[in-house]
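For the record, the sequence lines run as chains F and A. Using the numbering used here, the letters of the first sequence correspond one by one to residues -14 to 328. Using the numbering used here, the letters of the second sequence correspond one by one to residues 53 to 494.
Please note that a few of the clues may not be correct.
What the hints assert, rightly or not - Label-pair restraints from in silico Cβ distances:
| hint | chain 1 | residue 1 | chain 2 | residue 2 | range |
| --- | --- | --- | --- | --- | --- |
| 1 | A | Asp420 | F | Tyr64 | 52 to 62 Å |
| 2 | A | Ser419 | F | Tyr64 | 54 to 64 Å |
| 3 | A | Thr486 | F | Leu310 | 21 to 31 Å |
| 4 | A | Glu146 | F | Ser40 | 49 to 59 Å |
| 5 | A | Asp296 | F | Ile162 | 35 to 45 Å |
| 6 | F | Met68 | A | Thr486 | 22 to 32 Å |
Keep in mind that the hints were calculated from the coordinates and are not lab data. Predicted model, so just to flag it, every value in this text is computed and none were measured. Heads up, the beta-carbon is just placed ideally off N, CA and C, and yes, glycines get one too.
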Amino acid sequence: MRAQPVEAITRGMSVTTTDSRSAQTAQDRPEASPPPEQDAGQLQAARKRAHRRRSSKNWSLFLLFAGPNILLILAFIYYPLAMNLYFSSLDWRLGAPRAEPVGFANYQRFFTSPSGLEVWRVTGIFTAGAVLGSMILGLLIALVLNKKIPGRTFARTAIFSPYVLSGVGVALVWMFIFDPQRGALMFILDRFGIDSPQWFLDPDANLLMVIVVYVWKNLGYCAVVFLAGLQSIPRDLIESATIDRAGPIRRFFSVVLPLLTPTVFFLLVTNIIFSMTNAFDILRVMTPTGNGTNTIIFEIYLQSFGQFNRAGYSAAIAVVLFFTLFIITAVQLRFVERKVHYQ
Amino acid sequence: MKKQPHINHTWKGIAVFSAAALAITACGPDTTGGDAEEEAADTDWSEVEPADSIVFATNHPGGSEDIEEELIERFTSETGIEVEVITSGANYEETSQWFQTGGGSNADVVVLSDATWFPNYLNDALIPVDDLLEAADIDVNGYVEALYEDYLYEGNHYGVPYARSTPLFYYNVDHYEEAGIDGPPQTWDEVAEISQTLVDEEVAQFGYAFPPSDEYPAWGMANLVWGYGGAWSDEWDFSTVSSDETVEALEFAQSGVEDGWANVAATSQTDDFSSGVASQTIQSTGALNGILETADFEVGTAFLPDGPAAEGETPTGGAGLMLASASSPEEQLASAMFIGHMSSAESQADFSEATGYVPSHQDADMSDVYAENPQFETAVDQLERARVQDYARVFLPGADLELATTLQSLLTTGDDVRTEMERVESEFESLYETDLADEIEG
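Chain F with its partners taken away, still in its complex shape (with noise of 0.2 Å):
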């Protein structure tokens, strides 16, 4: 919106820099002075001209800077996305040279089967748990790290560093303490007497594992952006509250948690994405046969590349996940923004 002025302004200048020269040409040669319907019809051609050479110019130069990105953009992400959608409609076994055409069968099948339904289920409780362990634990570290205490910066980095480590390191060092026979936790478990679960073998357990494991990986992420958020915040209203005598609850509830909002919306935004589709090494490392633990995202590789080699029905479901982001993504920006407070 804001760029029309801008451009209605450039257009009106150049427009009076074209009629100037229009009209200093016509005085510099008074004896071939044309009648007026002439020197009007001239005096557009010119204008025509005029355009086409800015138009032409800013063109090229559209072209220049913006077409290598465009063409890797249509390349890698929007051929890709269309031959999926196409695919979406086959009965297609992977790399099989003939496909038959189905429609909308295959999404069909994905939102009646059984299956189907037990990986919205699964899919559900792991992007709440995620989501909401990673943003909660994220933010009380994030106060923790507000404040002045010793080896705050090693603690920050500490933090934040399982966030740039390997998924699939992060899954393997986790397998090795959840291990019900030999692991750390199990002995931990056992000097309080408990019977280490069986994290591998039972598929609510399993669950739990991956969550535990996401939201240790990820709540760095989510305690540096707080910490950003926290640090904007501006002194004074904190000093306020704490001369009206508001204690640190509160202050915490009062002042801080509306302040972070515009933060909490974009952590809620992005973590959700990146749940449900960053999760796959983790999931894949940890629980190779999905046995608890078939998100959509799992879902997606185990129907085509797991065994079943079902290359159009897996396309349905990538579908799926494309347009369930894209939902959620604009539910979030239409309603839960109108309550972000902003400074």
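Given chain F, put chain A in place with the hints provided.
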């Protein structure tokens, strides 16, 4: 006049959309509904000269990069045919995905496992090797029969055995001595007895470790099910998976966990056995070297136990060498010579020594290996009892995963075996109808 530009834009939009749609559909599979391309007319192989070079796609099973290079050098010096090696993945699954999705479009020979070659056959990506091996003067009678028959479908073989393995019974000799046990069990009833003794004597936490869902339990437990007279399927008949015999076998395994003489390993039965948590287990022959390296006790190996209805048959496993249908006849002939060389008695002896896979050729001289590693002799001798796997596990897409998760669940929760296996049978029927019936029966 005003509408003209609008119409132009509309038509331009339609044209761009149509062009995009055409571009997309042109890149996908054929959806015209036409019949499959007819097989190429029989080639007169006596008229074909082998190509000068071929491409070999392999995931170097069992860390075989060096030995493969050595065998290839020998082949090139004997025949003059150059072999370009492509690393096609970290495992069999990745290799198959790579081959299926077009990455291996220039591969002439590809390593595919028993569980991954069939989808490639259905995709018309493989050719039968029988005529080609004959043309290349390769004697197939030397192969261990069950290992070669793994690649038999509809009267044709689609590969030769290469990196092959079978399950093997492993036991902790130190634990046996401590508990006063003389020798390994001959039957599954003896497995139960010995395991109970080991637990009662507090020699180990568990007498026997069953595999978890990601360690191919349907492969490792096939011997138990066959021993009771059951099966995962009888070709495309899936009723055997819920037969009385199969149910009885699985109830036996379930009772082992309930009674405490057995467990389901949390991550891998190899880890539980090597660390002494469990005194016995069944694992691939390919795991032997790893177990010997990590175990700090004497490791014993034995044939898989007999069941009440049959002697201890061992399911085949591992990978074979397949030929790509997209290659030219010259390349296919050269490739046939190559797979014959890689699966020869001499090559298989060297390959087996370097990797731990069992030799797929009966004439392979393994005396050097036996001298250094006597446990390996059991694995090779056991090949006499090798049995081709059931269709459901290796040919039906998704069935192995269904069996794996069901078996783990049965052993850890105590669910009713018959009810669960009837559900599995129904699931198999559904998978077959959805993914295979049209092509198998059509």
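Per the hint of 54 to 64 Å, is the separation of the Cβ atoms of Ser419(A) and Tyr64(F) within bounds? Given a distance of about 59 Å, which is inside 54 to 64 Å, the answer is holds.
Between the beta carbons of Asp420(A) and Tyr64(F), is the distance compatible with 52 to 62 Å? Hint holds: Cβ distance 56 Å, inside 52 to 62 Å.
C-beta pair Asp296(A), Ile162(F): status relative to the range 35 to 45 Å that was hinted: Holds: the Cβ-Cβ distance is about 43 Å, inside 35 to 45 Å.
Range hint 22 to 32 Å (beta carbons of Met68(F) and Thr486(A)) holds or violated: Given range 22 to 32 Å: holds, Cβ gap about 23 Å.
Could you tell me whether the CB distance from Thr486(A) to Leu310(F) stays inside 21 to 31 Å? Holds - the Cβ-Cβ distance for Thr486(A) and Leu310(F), about 28 Å, lies within 21 to 31 Å.
Using the Cβ atoms, figure out if Glu146(A) sits within 49 to 59 Å of Ser40(F). 51 Å, holds
In this structure, none of the earlier numbered hints is contradicted; all agree with it.
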